[in-house]
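Peer 1: Quick mapping for you: the protein sequence lines, in order, are chains B and D.
So for the first sequence, the numbering used here puts the first residue at 1; every next one is plus one.
So for the second sequence, the numbering used here puts the first residue at 1; every next one is plus one.
Everything labelled a hint here was simulated from the structure, so no lab data went into it.
These numbers come from a predicted model, not from an experiment.
Please note that the accuracy of each hint is not assured.
Claimed, not checked - Every beta carbon over 10 Å from chain D, so not counted as near; a handful from chain B, in silico: (1) VAL80; (2) SER138; (3) SER178; (4) ALA182.
To be verified - Which residues of chain D face chain B? A few of them, derived with a C-beta cut under 8 Å, are: (5) PHE6; (6) PHE77; (7) PRO80; (8) PRO88; (9) ASN89; (10) ALA166; (11) SER168; (12) ASP178; (13) SER181; (14) THR183; (15) LYS213.
Claimed, not checked - If the Cβ cut is set under 10 Å, some of the chain B residues that face chain D in the computed set are: (16) SER154; (17) ASP174; (18) GLN181; (19) GLN187; (20) VAL188.
For each residue, glycine too, the CB sits at the ideal point set by N, CA and C.
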Amino acid sequence: MTINITRRVALALVGAGFIAATASMPAMAQTVESIKSAGTVKIGMLVDFPPFGIMNESNQPDGYDADVAKLLAKEFGVEVQIVPVTGPNRIPYLQSNQVDLLVASLGITEERAKSVDFSDPYAGISIGVFGAADVDMSKPEDLSGKTIGVARASTQDTAVTAIAPQDATIQRFDDDASAVQALLSGQVELIGVSNVVAAQIEAAAPGRFNQKLELTQQVQGIAVRKGSSELLEAVNAFLDKVKENGELSAIHEKWLGAPLPSFIADAN
Amino acid sequence: MYAFNFAPVFASFDQLLVGAWLTVHLSCAAMLLGLIVSIVCAWGKTAGPFPIRFVINAYIEIIRNTPFLIQIFFIFFGLPSLGLRFSPNSAALLALVINFGAYGTEIIRAGIESIQKGQIEAGTALGLSKLQIFRYVIMKPALRTVYPALTSQFIYLMLTSSVVSAISADDLAAAGNDLQSATFASFEVYIVITLMYLALSIGFSAIFAAVEKMAFKYPLSR
Numbered sequence: 001m002t003i004n005i006t007r008r009v010a011l012a013l014v015g016a017g018f019i020a021a022t023a024s025m026p027a028m029a030q031t032v033e034s035i036k037s038a039g040t041v042k043i044g045m046l047v048d049f050p051p052f053g054i055m056n057e058s059n060q061p062d063g064y065d066a067d068v069a070k071l072l073a074k075e076f077g078v079e080v081q082i083v084p085v086t087g088p089n090r091i092p093y094l095q096s097n098q099v100d101l102l103v104a105s106l107g108i109t110e111e112r113a114k115s116v117d118f119s120d121p122y123a124g125i126s127i128g129v130f131g132a133a134d135v136d137m138s139k140p141e142d143l144s145g146k147t148i149g150v151a152r153a154s155t156q157d158t159a160v161t162a163i164a165p166q167d168a169t170i171q172r173f174d175d176d177a178s179a180v181q182a183l184l185s186g187q188v189e190l191i192g193v194s195n196v197v198a199a200q201i202e203a204a205a206p207g208r209f210n211q212k213l214e215l216t217q218q219v220q221g222i223a224v225r226k227g228s229s230e231l232l233e234a235v236n237a238f239l240d241k242v243k244e245n246g247e248l249s250a251i252h253e254k255w256l257g258a259p260l261p262s263f264i265a266d267a268n
Numbered sequence: 001m002y003a004f005n006f007a008p009v010f011a012s013f014d015q016l017l018v019g020a021w022l023t024v025h026l027s028c029a030a031m032l033l034g035l036i037v038s039i040v041c042a043w044g045k046t047a048g049p050f051p052i053r054f055v056i057n058a059y060i061e062i063i064r065n066t067p068f069l070i071q072i073f074f075i076f077f078g079l080p081s082l083g084l085r086f087s088p089n090s091a092a093l094l095a096l097v098i099n100f101g102a103y104g105t106e107i108i109r110a111g112i113e114s115i116q117k118g119q120i121e122a123g124t125a126l127g128l129s130k131l132q133i134f135r136y137v138i139m140k141p142a143l144r145t146v147y148p149a150l151t152s153q154f155i156y157l158m159l160t161s162s163v164v165s166a167i168s169a170d171d172l173a174a175a176g177n178d179l180q181s182a183t184f185a186s187f188e189v190y191i192v193i194t195l196m197y198l199a200l201s202i203g204f205s206a207i208f209a210a211v212e213k214m215a216f217k218y219p220l221s222r
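Full structure from sequences and hints, please.
Peer 2: Set out below in structure tokens:
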């Protein structure tokens, strides 16, 4: 029996070898030293998650995350190279050494903390019940007899449905925009939305509405590869500093129209 | 290969039935009220003075040349700023009636114009009153002539009502969307509600055929 290795088979074998080598390459712990000696920090961020990550008019990554990433690079005294990532591939990008850090609106969850190390929260999304400023309510029972608009099947739908008393009417719209429209036109008294949308409402109708109840909070952290404890400490020190001196709050004000909420600022 | 799992859909089938009931309710009410609007407007358009004809023409052109979704948004989100506030279900009904009225008017107008002048003059010669002439000599044969067009517009109205879930009215489409978002069995849910809409259409067609037999069974001598 002769083994006839054609050029194509040889190429396939080499290719397979490469894939195996890359796949088995351990995620290397990252240090501040190695970033500084490289002169560039590669930071992964989402570009499809306004206002945290967007592409601006000149087609450059921009948004809250981009500003935080630039600030972090300035702190390290290196150039920033922003690598656009997507929701599903952001952790693999970090694990396969393609980025040094993720400032990618990554919500801190136990599940993810098994794959990456999280810094203190640098951003967050909270979901709350909003309504006209003159409506007086402070607890879920006060929703009794009221109409609350939500976007169907959203996190806010789940959260409002869970706390609303039996005699509250929940009106489910196709999206946040319709729910907001219903609030602005007075078709519903209250709506359940995130603080991001609430900031847009505030911009459209300043002072008319405010938050009545907070339902859930999701904080986001900067992620580093597992075991990069020295880098993580540096990132946390950076976050403490920018929370202290107001720079982070200024970025929050710029993109979300309100100062950094206390559930992010005070979380450590 | 996609593995179908209809169990969660049938577990919450009562939710879909509640939605389907509202769709039937909404459609029937909109058909009846819409038919009345259509007959009145068709009369006004064929026999009324110029200002009335102008208003009716404007109504028909505006409604027939704008999307239903925009009309329903206008009623639900727009009118409150003028102080007119409707619940989602009444806004849905109002939008369906207004929408059907415009199409129905044109259909019935065509029916009325198919009545020959001699027939109306015959009514006058028999000493019938104006209202009697309109009812027996004009309207009934006119409706008989355009009945097929009218019923297909009715079916279309029922199907169009699925859009009202956009303003949070809880019809069959909204019930399906709610169930879909709770179970993530979107394919299964949409298959089931598609079949339910199909069943509703066939059911309405059967009712319309029965009505035709009862109301218009006198022979034609053309």
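Peer 1: Decide, hint by hint, whether the structure agrees.
Peer 2: Okay, the hints, checked on the actual structure:
The beta carbon of B/VAL80 is kept farther than 10 Å from every beta carbon of chain D, the shortest such distance being approximately 39 Å. Residue-level check passed: B/SER138 sits 26 Å from the nearest beta carbon of chain D, beyond 10 Å. Residue placement check: B/SER178 does not keep its beta carbon more than 10 Å from all beta carbons of chain D (closest about 7 Å). Not every Cβ of chain D is farther than 10 Å from the Cβ of B/ALA182; the closest lies at roughly 7 Å, contradicting the non-interface assignment.
For D/PHE6, the interface hint is violated, since its Cβ never comes within 8 Å of a Cβ in chain B; the closest pair sits about 20 Å apart. Because the smallest distance between the Cβ of D/PHE77 and any Cβ of chain B comes to about 5 Å, under 8 Å, the interface hint for this residue holds. For D/PRO80, the suggested interface contact is upheld, since its CB lies about 4 Å from the closest CB of chain B, less than 8 Å. With 8 Å as the threshold, the beta carbon of D/PRO88 comes within range of chain B, its nearest partner Cβ sitting at about 6 Å, so the hint holds.
Annotation: interface hint on D/ASN89 violated; nearest CB of chain B at approximately 11 Å, more than 8 Å. At a threshold of 8 Å, the smallest CB-CB gap from D/ALA166 to chain B is about 5 Å, leaving the interface hint in force. For D/SER168, the interface hint holds, the least distance from its beta-carbon to any beta-carbon of chain B being 4 Å, beneath 8 Å. Taken as an interface hint, D/ASP178 checks out: its beta carbon lies about 7 Å from the nearest beta carbon of chain B, inside 8 Å.
For D/SER181, the suggested interface contact is upheld, since its CB lies about 3 Å from the closest CB of chain B, less than 8 Å. A hinted interface residue such as D/THR183 counts as satisfied when its beta carbon comes closer than 8 Å to some beta carbon of chain B; here the least separation is about 11 Å, so the hint is violated. Annotation: interface hint on D/LYS213 violated; nearest CB of chain B at approximately 41 Å, more than 8 Å. Taking 10 Å as the C-beta contact cut-off toward chain D, the hint placing B/SER154 at the interface holds, the least distance being around 9 Å.
Annotation: interface hint on B/ASP174 holds; nearest CB of chain D at approximately 5 Å, less than 10 Å. Hint status for B/GLN181: holds, given a least beta-carbon distance of 5 Å to chain D, under 10 Å. Because the smallest distance between the Cβ of B/GLN187 and any Cβ of chain D comes to about 6 Å, under 10 Å, the interface hint for this residue holds. Because the beta carbon of B/VAL188 sits about 9 Å from the nearest beta carbon in chain D, less than 10 Å, this interface hint is met.
Violated hints, in rising order: 3, 4, 5, 9, 14, 15; the structure is consistent with all others.
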